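A.B. asks: Next come the chains, spelled out residue by residue.
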Amino acid sequence: MTPEVPAVLAQLAQVAARNAAPGVPDAERASDLAITAMLLTLAAEVWDGAAARLVEENRALRALLGQAGGDDDLRLSALTAENHGLRAKLIEAHIAAEQSDDAARQDLIWAELLASTERRKLSVSLV
Amino acid sequence: MTHPLAPRVAAYLATRMPAASDVSVEAMERISGGASRETYRFVARWREDGQPQKRRMILRRDPPASLIDTERRIEFEAYRAFAGSAVPVPEMLFLEEGDGPLDHPFFIAAEIAGFQASPQVLFAGAYDAVLPQLAMRKWTILGEIAKADPAALGLTGVMEVPALDACWTRELDYWEAVFDGDEAEPLPIARAAIRWLRAHPPPRAQKLAVVHGDYRTGNFLYDAAGEIHGVLDWEMAHLGDPLEDLAWGFNPVWQFGRGLAGGLLPQADAVAIWERASGLTVDPAALHWWTLFNCVKGQAIWVGSAAAFIKGGNREPIMIYPAWWLLNAQDRAILKVMGRL
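Which chain is which? The protein sequence lines are A and B, in order.
Letter by letter, the first sequence follows residues 1 to 127 in the working numbering.
Letter by letter, the second sequence follows residues 1001 to 1341 in the working numbering.
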């Protein structure tokens, strides 16, 4: 998810510390705690499957783009950086398929894009 | 406990109300949400002609960084333009564009108290019987906004006036630039949608209209009878194609998972209400273009929200939630409108 989960958790720790101090107006403390709870819930939901999702998607993207390689570094930051690189190349491949009127290629790319949203879908998704 | 801003707001009010004395600010509290502006409610008290006075007010202040960047004066003038019209809006009181009094620009308005704005409250069950009435009012008011003459309202002197055949490029250029400047990751679905929009431009606007820019369930005050008492959040107001405003509410994320336009009624019914109120007609292909555009615009806003956090301009949790909650949902909405979901 963007922003990345570790940066968000670090910020939520600061928000919690700020609200532990006296003098915070009640309504602002309540608002901070409510949104912190919602964000922690989402972080908990994506935590277990994050690495698996990225490895699966990077594998699918390499196959679609005809690229060799694999994910040797399994830290989420490394997997995410690799994913961003592959998705940038997917945009280029999509433009090329549109310019060459390659409908079959476009369909394959749209299928991967749809799959990417299924991988990222949250339990609270509005769509 | 006195809110830290209260004495500063009281001092400001004293400078703007020369006939008032003993100005004080009480019961000041920040209202939840407000990722684009900080919003506070408070009670102002003062003496005038020897008599004690009291008024509930709202302060809307720019945050250090926002999920959208708009001019305070444009929002203020949009509210003021519709005062006393068929479009209910809160009364604007004071506009401050300098950083001196409260560190950032702000305006102060009269509070419309005692009503709800929350979609979650609206859809929790207690309001089910009045949802059809509320839907009628929602799209009738939007039709009134579309019908209004921007020049007669004095807004052509405040807002940029695009040519009728350039309304779409002005908006698409603006929001694509937000992606270019703010995206923290490649967004292949949004980029594909932008390419489609440029390859299939809509017809010229049938008139130049005031576009609220964020007219959706959640941005108006409603009551238990299904009446609307105030249209809020005009910070993205501009002049443009009236279909843009109608289509913003048809962005699938604003169905709130209920499968209905705005969570309220079928889209065709909403269109019929709007056509009757505005006197305008809806070209289905043009409406589709603007609906997809609004999905792209929505995604740009969520991208901007994430960017404000990532770049450090605003680290408040309210900047994170729209990005986490809506980036993927908005991608899915784009796919849905493009017929690929």
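Calculated from the structure, these hints are not laboratory results.
Bear in mind that the values here come from a model prediction, so they are computed numbers and not experimental data.
The beta carbon of each residue, even a glycine, is placed where N, CA and C say it ideally should be.
A portion of the hints provided could be inaccurate.
Far from chain B, by Cβ distances over 10 Å, these chain A residues were calculated [stated by the list, open to error]: (1) Pro3; (2) Val8; (3) Ala27; (4) Glu28; (5) Ala44; (6) Ala68; (7) Gly69; (8) Asp73; (9) Arg87; (10) Ala88; (11) His94; (12) Ala96; (13) Leu108.
Here are some chain A residues pointing at chain B (derived, C-beta under 7 Å) [unchecked claim]: (14) Leu74; (15) Leu76; (16) Ser77.
A.B. asks: Taking the numbered hints from earlier one at a time, note which ones the structure violates and give those numbers from smallest to largest.
C.D. replies: 1, 2, 3, 4, 9, 10, 11, 14, 15 and 16
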